[in-house]
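Chains U and Z, in that order, are what the protein sequence lines are. Take the first sequence: its letters are residues 0 to 999, numbered as in numbering that gives the first Met the number 0. Take the second sequence: its letters are residues 0 to 171, numbered as in numbering that gives the first Met the number 0.
Think of the hints as simulated: they come from the structure by calculation, not from any bench. Every value quoted in this text rests on a predicted model; they were computed, and no experiment measured them. Hints are supplied without guarantee of correctness; some may be wrong.
[Said to hold, decoys possible] Just the calculated beta-carbon pair ranges, DEER-fashion:
no., chain 1, residue 1, chain 2, residue 2, range
1, Z, 138, U, 454, 24 to 30 Å
2, U, 392, Z, 125, 51 to 57 Å
3, U, 547, Z, 131, 49 to 55 Å
4, Z, 26, U, 62, 33 to 39 Å
5, U, 789, Z, 88, 56 to 62 Å
6, Z, 26, U, 278, 29 to 35 Å
7, U, 454, Z, 18, 54 to 60 Å
8, U, 137, Z, 138, 43 to 49 Å
In this text, a Cβ means the ideal position worked out from N, Cα and C, and glycines have one as well.
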Amino acid sequence: MLQAVKSANPGSGDEPWVGRSIERVEDAALLSGHGRFIDDLGVQPGTLHATILRSPHAHADVLSIDVEAAKRLPGVAAILIGSDVKAVTTSLVVGVKAPVECWPIAMDRVRYVGEPVAVIVASDRARAEDAAELVNVEYRPRAAVVDPLGTLSPGAPLLHDGFPGNLASDRHFSYGDPEKAFADAPHRFSIDIKYPRSSCTPIETYGVVASHDAGEDAFEVLANFQGPFSIHTVIARALKVPGNRLRLRTPPDSGGSFGVKQGVFPYIVLIAAAARVTGRPVKWIEDRLEHLTASVSATNRATTLAAAVATDGKILALDWDQVEDCGAHLRAPEPATLYRMHGNLTGAYDIRHVKIRNRVVVTNKTPTGLNRGFGGPQVYFALERLVQRIAIVLGLDPLDVIKRNLIDAGAFPYRTATGALLDSGDYQEAITRAVEQGRLAELRAKRDEVQARGGLYGIGFTAVVEPSVSNMGYITTVLTAAERRKAGPKNGAQATATVGLDPVGSVTVHVASVPQGQGHRTVLSQVVADVFGLQPKDIRVNTEIDTAKDAWSIASGNYASRFAAAVAGTAKVAAERVAGRLARIAASQLNVEAADIVFARGFVSSKHNPENRIAFSRVAALSHWSPGSLPDDAVQTIRETVFWTPPELTPPDEDDRINSSLCHGFIFDFCGVEIDRTTLETRIDRYVTMHDCGTILHPGMVDGQIRGGFAQALGAALYEEYAYAEDGSFLTGTFADYLLPTTTEVPEPEIIHMETPSPFTPLGAKGVGEGNCMSTPVCIANAVADALGVADVTLPLVPARLAEMVRRAEPPPPAGGAAAAPVREGDRRLRGEGQASVQGAPEQVWAMLLDPDTLQSVIPGCQRVDRITDTHFRADVTLGIGPVSGRYRADVELFDLDPPRAVTVRGGATGALGFGKAEGRITLAPDGSGGTKLTYSYDAAIGGKVASIGGRLLDGATRVIIGQFFTALARKAGGGSATGGGFSLFAVLTKLVSLFGGRR
Amino acid sequence: MTRLKADARHSVRLTLNGKPVQSEAEPRMLLSDFLRHQIGATGTHVGCEHGVCGACTIVVDGMLTRSCLTLAAQVDGCEIQTVEGLAPSADRLGVLQQAFRRNHALQCGFCTAGILMSLDHYLARNPAPTEAEIRDLLSGHLCRCTGYTPIIQAALEAAAQLASSKKETSDA
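With the hints as extra help, turn the sequences into a complete structure.
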């Protein structure tokens, strides 16, 4: 199964440490429970704890927020609503030119489920949560829209006045002569894609600890933020302080990020605002429901991609129409997901004519942000599905079509039509090796064999260029050339590294790379040990960041797979600079030329006469103890900070060509999948992934990145989707609803390497962390399409979806019985009907229904019932569904009264756990033996938290609650009679609307 | 049955990795929060608080337990093992921990404590597990970094090593 990791031998001191899979310096602490994640660190005494009250509605006006009862609770220090936050902050900057604001908390309107509405700050988290339950928010729901194409339709509800038609940006691009290419081509192919929303969901959630020094008007923030630190400017601006009054630090350990922890920044603003208002440090740790619902997500995208194709399968031109759904707000750095791939829209192929229309839209969903793969999955899904389609229709082998279009091995560095400068590669050789070493022939034989016995087996291929080290200027491609001229140029990718020597000559390295588990400290110790002729254990590396004290720039942080290529290279440059000075010092002491100096085995020696040597630590310490002894031409060796940015990363040119990334690795994947004919479950038979990521610094970690990316991509392909109901209710708020792959689903990919060094990076390395997130979803989809013989496949490829493709949608089950059943897959609308018999004539039962006192005693968990009019009631009830219980306020009206025979009941309920509406019809009829036969039916839907987390429990809960009601009713009416004697329409409906409200 | 007052703090005493500890907890306090914030044993992590991710897995009276689904008050008087108790000494890792380090079976390390506890508990009772058994056992743990196979490999290696050292001991 697992490929052996080449373990390092204790070095003789001569062969380089870089390139070896040494054990990680990070691991001992992490394996023994001594990691230092943000919630493991202590806080200052008196620190307050925050919880966030969030919107249960996808789109609504906030009519009022009553915080009085909550404020009275012991331990509550402050409750901030939108206006309180507005008083101390300004809007977050928005990445396009438009008159819109973007606040970290709702002002007078909520636009997605989970949008913060109030921040409750108390002496501890539990008390804050108690208080949150008492905050009374009155909403007036608006129509919501969740589909990126639907939001552009004329009747769609508008989210922001400043985005007319919900369109935040609309840009057209043309490179080469695509019109002519399409006109002249013998074939035109087109594909429509809807790429879903998903997220890499780190197992550690967001955390922020903030304090404010009123005397200096300065903030200190500790957060598990991952960068890019361009966001520091956004936070400081929002907090209305200059950058030097926002000290942002990161904890030593961070529990995964994969891009996602970029999205903590609006919460930094929110919690810092709470610290300023309360005058005390405030801590907030996100919970899992908050994270899944409202942290951040990758963009979902609707794409139409067309290709002009020659008869032999050669692609002559592409026409992209991308509609990018950034959710309810365009939060920095969006719409970066769309433009990150701008230079790479031709993938691994030599295509000179490209036409693009890029639209960015807003919908009533969580705002989007960084997520591993960042724009790549969306692009390659369309491109590589289209390549397969071209092959099938032209009767060609998909692999041949891929090969026919590859960029020639002699063409590097190769400038793509849209502006990327592909640094190096040999795609043909990579494919040849992968086909052979990955034994493609075996897979083809397997497919024939399985198909011969009537099974479903398919093979998928993908060729992908993996960009890394983002150009900080690519996002400005969203602006026109004129707008860019006005705004000033943006480009580059500053990496920083500091190498310091202390008074005993030991070496410390600091970088601003903010790892979340990637092992940066280990790799840097290898890189620097090689330069100084030391061992990795001699080098101490610190990767925490403190913007008040450390060297950093806007590109700092851990994203765009920039560590190996940019940061590790910069550390090498810094170490070499120090080593050059040490060599001059040593040369003067050893009486040799500096060129004769070599660093090895802990000594600085003469190459020609190795006996002529001096201990490294002695030379290294000299600047501290005796600066006067330094040779005249040598400067200090105490500390050297290097800033490195590659000259290749230029701003977009006048024709909108942009070199969006510095490095470009190559990936070629193929896989065989078998689909069970009965269950339609997809099983990966074998997955082969060939990577050329340039020079490999640590093989074990590179394979770790590939495996991890592969597992996440497998999840995105087969299981994961941030699902929304049509009304914008979020449906996947737990890990029981948002399914991640586990040990039983993830096979070991067969990893093959090839190393074509990058000429643009100090170590020849390229990024490798995101590639499989780009290649694997479409590779699996191509295999599934091949197995099923279908033209269109949509992720995630859950069995139910495959069943719809293969067998068409199932008819709804026949109505009947007392069971409530979801009417549609993926939606929390419920419908049901039932019957009950109670003692007492219909007239008697009817009277009980309309009596508030009876109702209050009969409805389980009912605190009070108020009769507004004879047919209008309000009630407070507490209700538990599975592990969650909460208070609801129900408002119920009766219509179409036909006493004592029938009534229609309609109502809504809201509470901390959700909201909704329901309607039901109840009929009463004599049962022939003095009692009453009741028949009821209801149609209900819910939204908010209970929809996100309780969805799968609702059917059962409905039956239990109805059962509870009858039991209570029987007990109440029992007094003398054997089995009850009344039935409350109102009570049943109150319970139902509490459970399943929702608009109809 | 003891009834605890909802708004009062109650003393909870337990044995943590062989040592007695005591602190106070409201009846509603989760065991995970109690261990982390009251006792200061922060090696046990909280990933989902609804029992799915497995990061908070510990051993209570010999049984694998999700500490996020357990109340602190429930474990008064119990024996608890957490990740902090796995290493034979502060400067040395145990066999399973070493196998994890050797195989790069962790990246961010956030989920690792729970996985180690499940494996430690399982290997003590099942000295010769198959890969399928290990995969089945660990299907109750979510890891987002590693893609799992290095974890499986580390578990199998540790099992083999533990079995052979046990054999050596009994042969001797």
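Next on the checklist: Can you tell me whether the CB distance of residue 454 of chain U to residue 18 of chain Z sits inside 54 to 60 Å?
Outcome noted: Once the Cβ atoms are compared, 58 Å apart, the range 54 to 60 Å for residue 18 of chain Z and residue 454 of chain U holds.
Checklist entry - For the pair residue 547 of chain U and residue 131 of chain Z, does the Cβ-Cβ distance stay inside 49 to 55 Å? => result holds (52 Å)
Item to check | Satisfaction of the hinted span 24 to 30 Å by the C-beta atoms belonging to residue 138 of chain Z and residue 454 of chain U | outcome: With a Cβ separation near 26 Å, residue 138 of chain Z and residue 454 of chain U satisfy 24 to 30 Å, so the hint holds.
Next on the checklist: Range first: 43 to 49 Å. Now tell me if the beta carbons of residue 137 of chain U and residue 138 of chain Z are that far apart.
Outcome noted: holds (45 Å)
Next on the checklist: Does the beta carbon distance between residue 392 of chain U and residue 125 of chain Z stay inside 51 to 57 Å, or does it fall outside?
Outcome noted: Given about 54 Å between the Cβ atoms, the range holds.
Checklist entry - Range hint 56 to 62 Å: satisfied by the CB atoms of residue 789 of chain U and residue 88 of chain Z? => result holds (59 Å)
Checklist entry - Can the suggested window of 29 to 35 Å be confirmed for the beta-carbon pair residue 26 of chain Z and residue 278 of chain U? => result holds (32 Å)
Checklist entry - Do residue 26 of chain Z and residue 62 of chain U keep their Cβ atoms within the hinted range of 33 to 39 Å? => result holds (37 Å)
The structure meets every hint from the earlier list without exception.
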